[in-house]
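*Asks:* Spelled out from the first residue to the last, the chains are:
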Amino acid sequence: MTQSQGKTSADNRPLSPHLGIWKWTLTMTLSILHRATGVALFVGTLLLTWWVILNAYSSWIPNEFLSSFFHSILGKLVLLGWSASLFYHLCNGVRHLLWDIGIGFEVHTAKRSGIIVLIATALLTALSWFLAFSH
Amino acid sequence: MDYHPSQFRSRLAKVRGLGSAHKGSGTWIADRISALALIPLTLWFVVSIIQIVAGTDEVRLRVIASPANTIMLLLFILISLYHGYHGIKVIIEDYVHREIVKNTSLILLQFFTGISALAFVCAMLIFHLSLFSATL
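So the protein lines, in turn, are chains X and B. So the first sequence is residues 1 to 135, counted in this note's numbering. So the second sequence is residues 1 to 136, counted in this note's numbering.
None of these hints come from the bench; they were simulated from the model. Treat the hints with caution; some may be incorrect.
[As the list claims (entries may be wrong)] Restricting the straight-line Cα-Cα distance to at most 35 Å, the calculated cross-link-like pairs of lysine-lysine (DSBU-like) are: (1) X/K23 <-> B/K102; (2) B/K102 <-> B/K89; (3) X/K111 <-> X/K76; (4) B/K102 <-> B/K23; (5) X/K111 <-> B/K89; (6) B/K14 <-> B/K102; (7) B/K23 <-> X/K111; (8) B/K89 <-> B/K14; (9) B/K89 <-> X/K23; (10) X/K23 <-> X/K111; (11) B/K23 <-> B/K89; (12) X/K76 <-> B/K23.
Construct all of the structure, not just a fragment, from the sequences and the given hints.
*Replies:* Okay, structure coming up:
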């Protein structure tokens, strides 16, 4: 398309305002959070993949490479963020799949399922961290 | 009245690339099916991680060395990379508008995801070969 090959002065037309005027609703926030957690998960999965790869090509000692980082507070925060993103994206993903077959499209239902997703995310994250660290 | 159809036709160069793409529903379906597969795979992954972190060394070795878990891990990582690739592709297409930057990013995304997936398969092979030779 000729329009997207670099912008001409004719294309710098004013846009309608968006973020500046719309009130933040729950459904809006959860939607962009789904995208944001998706990106965070992708980056984290790539890091996990390369961690495994690098460990396999040295000797497989699970507690060596990067382990000191993940035992630090910052490392634990990163892991907490990734696991919370995982549970959120999982639960909201199920909400999306239900929408894809037509379930739950009413505004009040969507708000309610959104709150359920948030509660489930918090519970799953807390439960998994509790189980992992109660030796 | 002497009109010729060619008088009313836009130049081909102007309309090329416009209109419906006639494809994309396959991608939409693939996204959903990979998402569906990732539901049990993610739950398995979380359970395995908890077992590895919270378990004794004996439990840890059993979880990591089990062939079933290797296959599950391969499925989890590969399908996650596939699902995530499609997600990031859509994000790039949504927010990047300069054709050169957009297409370069999409190609780099494909390369990096593909290389990561293949290298991961190799790593699993190497790891399991070394495990099996250690038990011989």
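*Asks:* Compare the structure with each hint and give your call.
*Replies:* Okay, the hints, checked on the actual structure:
1. X/K23 <-> B/K102: Given that 35 Å is the threshold and the Cα spacing comes to 31 Å, the pair holds.
2. B/K102 <-> B/K89: Holds, at roughly 10 Å.
3. X/K111 <-> X/K76: holds (32 Å)
4. B/K102 <-> B/K23: holds (20 Å)
5. X/K111 <-> B/K89: holds (28 Å)
6. B/K14 <-> B/K102: Satisfied, since the Cα-Cα distance of roughly 21 Å is no more than 35 Å.
7. B/K23 <-> X/K111: holds (33 Å)
8. B/K89 <-> B/K14: This hinted pair holds, its Cα atoms lying about 27 Å apart.
9. B/K89 <-> X/K23: Satisfied, since the Cα-Cα distance of roughly 29 Å is no more than 35 Å.
10. X/K23 <-> X/K111: With Cα atoms ~15 Å apart, X/K23 and X/K111 stay inside 35 Å; holds.
11. B/K23 <-> B/K89: holds (16 Å)
12. X/K76 <-> B/K23: violated (43 Å)
Of the numbered hints stated above, the single one contradicted by the structure is hint 12.
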